[in-house]
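2 protein chains.
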Amino acid sequence: MIFYANSHGMNTNIITIPPQSSISYAMRTQKNKHHGGVLWFTGLSGSGKSTLAQILQKRLFDEGCQVYVLDGDHIRQGLNRDLGFSPHDRSENIRRIGEVAALFADAGIIVLCAFISPYQEDRNRARLAAGDKFHLVHVNASVELCEERDVKGLYRKARLGEIKDFTGISAPYEIPHDAEIVLDTAQHEVEYCSSVLYNYVRTHLFF
Amino acid sequence: MIFYANSHGMNTNIITIPPQSSISYAMRTQKNKHHGGVLWFTGLSGSGKSTLAQILQKRLFDEGCQVYVLDGDHIRQGLNRDLGFSPHDRSENIRRIGEVAALFADAGIIVLCAFISPYQEDRNRARLAAGDKFHLVHVNASVELCEERDVKGLYRKARLGEIKDFTGISAPYEIPHDAEIVLDTAQHEVEYCSSVLYNYVRTHLFF
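Residue numbers (my numbering), protein chains in the order written: chain A, 1 to 207; chain B, 1001 to 1207.
Please keep in mind that the hints were generated in silico from the structure rather than gathered at the bench.
All C-beta atoms in this analysis are idealised placements derived from N, C-alpha and C, irrespective of residue type, glycine included.
Some clues are possibly wrong.
Unchecked claim - With the Cβ distance kept under 10 Å, some of the chain B side facing chain A (calculated, not the full set): (1) T1029; (2) K1031; (3) N1032; (4) H1035; (5) A1053; (6) K1058; (7) V1069; (8) L1079; (9) N1080; (10) G1084; (11) E1092; (12) L1103; (13) A1107; (14) G1108; (15) V1143.
Take the sequences, apply the hints, and build the full model.
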């Protein structure tokens, strides 16, 4: 740091070196004892994304991790409240979430993002934002099963035409082929899926 | 959690209760031993916002806090790379940063935001997003002093008309009257200003 007085004799407190981050990513991870990361849960509505993210959050928190869940409602009411549901706006919704998630990961946090995110291009962009801190989790359940569950009654509304462009019914879901984890929630219980997730994080993000 | 099998006899693993956050804000603060918060540094270009934010980050990190700095370059290259410098885009830039900062605070983190943010309306919106977790820091230095420092050579360019709508030269800076902290970086050295900031955080955000 360099201090000098200006021509009026006032202390200008100037620091001529542009301020760089005083804390590196490595320092954060050393303190937290785990890497930052984005676990991006993609899958149909009702496939179990949010449920699994919440269970994982609990387990990681109990283990002492810095962990946070980004959920749709939260984001739609805040950061993305200017966005609607046009193709452009849906894509922009996912883009911004991907960028925010990357910031959380840079801060040394394990951030769990549960969004249908049906398009490969949008998911690719989220991966690009977080780089090697990005981990894709495909929560794989068939449309038939999700429709039968229909936890929120959305599939019924989609069938009745009350919701347009509903993923799996009237809009496509592009199955990812680049997922680090695929969870078949039709075949396996929540406990099993949670264990798979936890073990993945433990192996890849813990020191 | 309720599990049941569907009509095909498949385990649907369904949880009928909509997933709420498995970790409360109170649980996070208890673990971190401090509250989450947004410290929003406003002031002219060259007033010392980023410098003070970086010094504060270092001190809080060394004390064991979860702390992160959101800076302009980072955001402009990522989340807000779709935005230019029109009045609308500048306002939207600050709006989004305010929303992201609120998410960090909700995650239990002390987030330091260093942005000129010259308009009261924009700062009000950032305050609204984070609620009582928002703390405004006015880094107060006169245009004359900042121009004399001109660390990045921006004032010179603004005077030459190479940069338009430059805050303090060709665009207004609305002095805040609601700042929780006012730091006069012309009168006080960096060390003093840093101590004021640290003591504020210690008093208001630590347990």
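The hints, checked one at a time:
1. T1029: 13 Å, violated
2. K1031: 8 Å, holds
3. N1032: 8 Å, holds
4. H1035: Violated, about 15 Å.
5. A1053: 8 Å, holds
6. K1058: 4 Å, holds
7. V1069: 6 Å, holds
8. L1079: 4 Å, holds
9. N1080: Since the shortest Cβ distance to chain A is 8 Å, the answer is holds.
10. G1084: 16 Å, violated
11. E1092: Holds - the Cβ of B/E1092 comes within 10 Å of chain A, reaching about 8 Å at its closest.
12. L1103: 7 Å, holds
13. A1107: 4 Å, holds
14. G1108: Holds. Min distance 8 Å.
15. V1143: Violated: closest Cβ of chain A sits about 13 Å from B/V1143, beyond 10 Å.
In this structure, the hints that do not hold are numbers 1, 4, 10 and 15, in rising order.
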